[in-house]
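As a plain string of letters, each chain reads:
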Amino acid sequence: METILEIKQVSKTYHNANNTLTVLDQIDLSITKGETLAITGPSGSGKTTLLGLCAGLDSASSGTVALSGITLNELNEDERAAVRNQYVGFIFQNFQLLPTLTALENVMVPLELRGAKNSKTIALGLLEKVGLGSRSHHYPIQLSGGEQQRVSLARAFSNQPAILFADEPTGNLDAETSERIIKLLFDLNKDAGTTLVIVTHDNELAARTNRIVKIKGGSIIADERLIHA
Amino acid sequence: MPEKITYQPVSTAWLFKMAWRDSRKNQSRLLLFISSIVLGIAALVAVYSFKDNLQRDIDQQAKELTGADLVIQSRRPVSANMESKLATMGDERAQERSFASMIYFIDNEGSRLVQIKALNGAYPFYGTMESSPTTAAKTFQNGRNALVDKTLMLQFNAKPGDSIKIGDLTFAIAGILIKAPGQTGISATIAPTVYIPLKYLEETGLTKIGSRITYSFYYRYKNADSLNAVIKKLEPQLEKEGLDIDTVESKKAETGRSFRDMSRFMALSGFIALLLGCIGVGSAIHVYIQEKLAAIATLRCLGLKAKDAFLIYLIQIMVIGSIGALLGAILGTLVQFLLPIVLKDFLPITVTMQISWIAILQGIALGLVISVLFALPSLLGVRKISPLNAIRASFENVAAKRDPLKWLVYALMVIFVLGFTYLQMKSLVQTIAFTSGIFIAFLLLVAFSKLLMFVVRKLMPASLSYLWRQGFANLYRPNNQTLMLTVAIGLSTTFICTLFFVQGILMNRVTLSASENQPNMLLFDIQTTQKEDLANLTTSYKLPLMNQVPIITMRIEEINGKKIGKDSTQTRAFRGELRATYQDTLTVAEKVVAGVWTGKASANAPIYVSLDERYAKSINVKLKDKIVFNVQGMLIPTVVGSLREVNWSRMQTNFRVVFPTGVLETAPQFHVLMTKVPSNEISAKFQGAVVRAFPNVSVIDLALILQLLDEILHKIGFVIRFMAGFSMVTGWIVLLSAVWTSKNQRIRESILLRTLGASRKQILAINAIEHFFLGALATAAGLMLALAGSWLLARFSFESNFSPPLVPILLLFVGVVVLVVITGLWSTRKILNHPPLKILRTEG
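As they're listed, the protein sequences go chains E and W.
According to numbering that gives the first Met the number 0, the stretch in the first sequence is residues 0 to 228, in order.
According to numbering that gives the first Met the number 0, the stretch in the second sequence is residues 0 to 843, in order.
No wet-lab data here; the hints were simulated from the structure.
Here the structure is a predicted model, which means the values were calculated and not measured.
Don't take every hint at face value.
[Stated by the list, open to error] Below are the BS3-like pairs computed for lysine-lysine, each with C-alpha atoms no more than 27 Å apart in a straight line:
| hint | chain 1 | residue 1 | chain 2 | residue 2 |
| --- | --- | --- | --- | --- |
| 1 | E | K116 | W | K621 |
| 2 | E | K119 | W | K16 |
| 3 | W | K84 | W | K231 |
One chain only, chain E, in its complex shape (with noise of 0.2 Å):
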């Protein structure tokens, strides 16, 4: 199977006036193209940093990650951007949809940025998939928590990512505003062919996924993977 993502020795440290705090320390992972695989632990273990590692936000204190073959750690924020653009596709526990643009504007906005003609076009299309195509001209305050989640599905998956990460996507929904993007999330990504990376506390999430990462401390305490039936 082809990696898609390939991290290797990587640490993070953040630096004050007297201390040095290590999030990460000397983590190896390596992902496949077409794995879904969550990433869980408690609060402060590190999961987040290291979505944002894995994602091109951020880089690493040391050891590299490549995405798509691409070392991330040798390009400058704008090539990571570009990177991002054209492999990465992004769900975040806050939604964090533009306010002052519309739902249909949201999802449109990837597509904008990697210069597509008919990007009013394909964010239609994704807006009627996550059931929203009758929304699409409401702005975010205008949408309910758990439809603001689905634009912002339909905004994810609007540049076909070759990776799709998701930080805690149910963190701020209901039960069953949850299991009803969690449904809605594999079966975009099922359909897309997407790799998806959950960071999530939720097990029942984690549970879905074919693989799970379980960090605490900065390092990796387990890797299991999981068969569906």
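Position chain W against the provided structure of chain E, taking the given hints into account.
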């Protein structure tokens, strides 16, 4: 195999589209931010337009300013030879002699010092002398008539047909003088004019030696070439005899120069308003970008480059800045039509206002540049916003603090302020002084607000009630507006108060000069033969003879053997006439600072004169230098024996040159007498008696000086207040903008408090406490700066005492604080009137 990164640059059109989308829900807010610069731009566009229009009108109406093609003036009688030459020049000619003298209104027994202009000929040749009735200006020379300035007519309730006495002659008032060539409202206030026919001047008896008469000769030339030829030919001769030449061109340049100074002052006032607005814009944009942090981080996650994120917000600021500048330019174009009304007392010509496209373009460009420049420090931060902020709200970007480009922008700001000020001032020293003044005031206010936040945070007693603690805590909470508001309120208060205090200092200085046993009335032009009788008249009114001084008019003929033109550094010394005295002892206002004072001249020894040290410096003369004085034709060689420090602010006669006794006693001279009158009533009676008995004697009383000063300061003050008004309103807009900026944060806090059970009254109280202290302390800081600045000005520039006027200070303080509190409470209105959930949803 590693895959390739495809760089797809975003199009400019998309950047504009995103800038539009992003600003869509914030446009009213952005417009409010940018409205801070509208008034500053408006003031500058109005001043620039006015300057353009004025220059055009000066060019067009220059002939009406002089009323002639050529004016030759002398401060002493011209030689017979020259007079015969002057009598044949020009295609048309007129003559005028002007001097200060008393006039006496016979019907109501009022008297006042005025400017007498004795005229012969059809002057002005260009423009008109306006009078009521209209024909009076042309016919008054036909008989023993006078044209009397309208302010005098109003003051003494006189009407055409009434009689006035000038010197020994009585004249009938032929009409009211409304406007004469080159005359302004302010010049009429200082020296109201009375025109009489020249042929009656001798009979008035006012042309005796001692009267300071200016001789003017007006000419009209049909052919401009012949005028130039005449000027070229005559110039050396005229200069030799000390005559001045005024042509239409020189008058144009002189008028342009004097108005350039005024325009500079007004442009600087506008610039202060603009700077104040820019500080507001800069601060508001900072908060705006902070609020956009999550959105920018999300866009960065989605693949937007740092440069493109920066450009999106730069476009927003440029568009909004252009709109603000355009609004300012439109408002300025409207305001310019008010300026001729505001400045009517200072204008010697009729200004016809037209739209000045250059001024509008200058204003728009300036508005755009300055709004971008002051927004740039915050905008540059956009480049450094990490995408990590999208997943970690608390992520702090350390790199942003070390951005060298920011320092470049700060340097550009300083260069811009210096450059703009220099363009107005054209003097490096003044530019540095003005800019330093602004920066020092700014830094002091910044330091004050930091100190305020520190003190409140550290010293707030825990025993205070919750409402007080919350109100105070708002002053130093994150994203507070304390610094910005302190600077905005403080700077505008400083500006307005300093102007007000300086006006007070000038008035005080004159008022105080009459205090205690100082004289308050000056009588001059007294002939030697009148000296005794006038002293008797004075004592008969039980008035003290406080100072009787002889005055001799003279010129400097040589300095150390060099005459005029031989040494350019001393040219000033030979210009004009000097009025000197002789005395055997120094007065209380004089102190010898160099050399030895000689009170009595000795035979066979040089005549040692004493010079005012500042005068000596200005004409480049030192101790022991030799000066030859020309006293009415007699040359008197002297040596500079001493230099004196003279207290010119005392109400008494002071002299640049003092001779010892025993030299000038027989020279033609007139005398000055000083006295102290106890009341206005006695002053009026005494003046009337003096004018009746000694028509050539002129009287200046302190009441008149005070009245004049008050009128002049009132007129200047109106212009200053008009321009300062731009800063005041800008300060308020900045305040409004700051309150709006922090509205979102306040709403969240207040809603949380309401949800926790706080009442309307409690929320109002918290906001009122915060704004009351902010307003009170910022205004107090501004007042303290103004007081310190005014004290420094009083002490070192005006050499006067400064006692701050308490009531106006208190009124201003209360006024500003009330305005700040009302504006602050206005922002909580929405929270109090709507359910919390509804507001939360609409505010997002």
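TODO: Return the numbers of the hints above that this structure violates; sort them in rising order.
DONE: Result: hint 1 breaks, nothing else.
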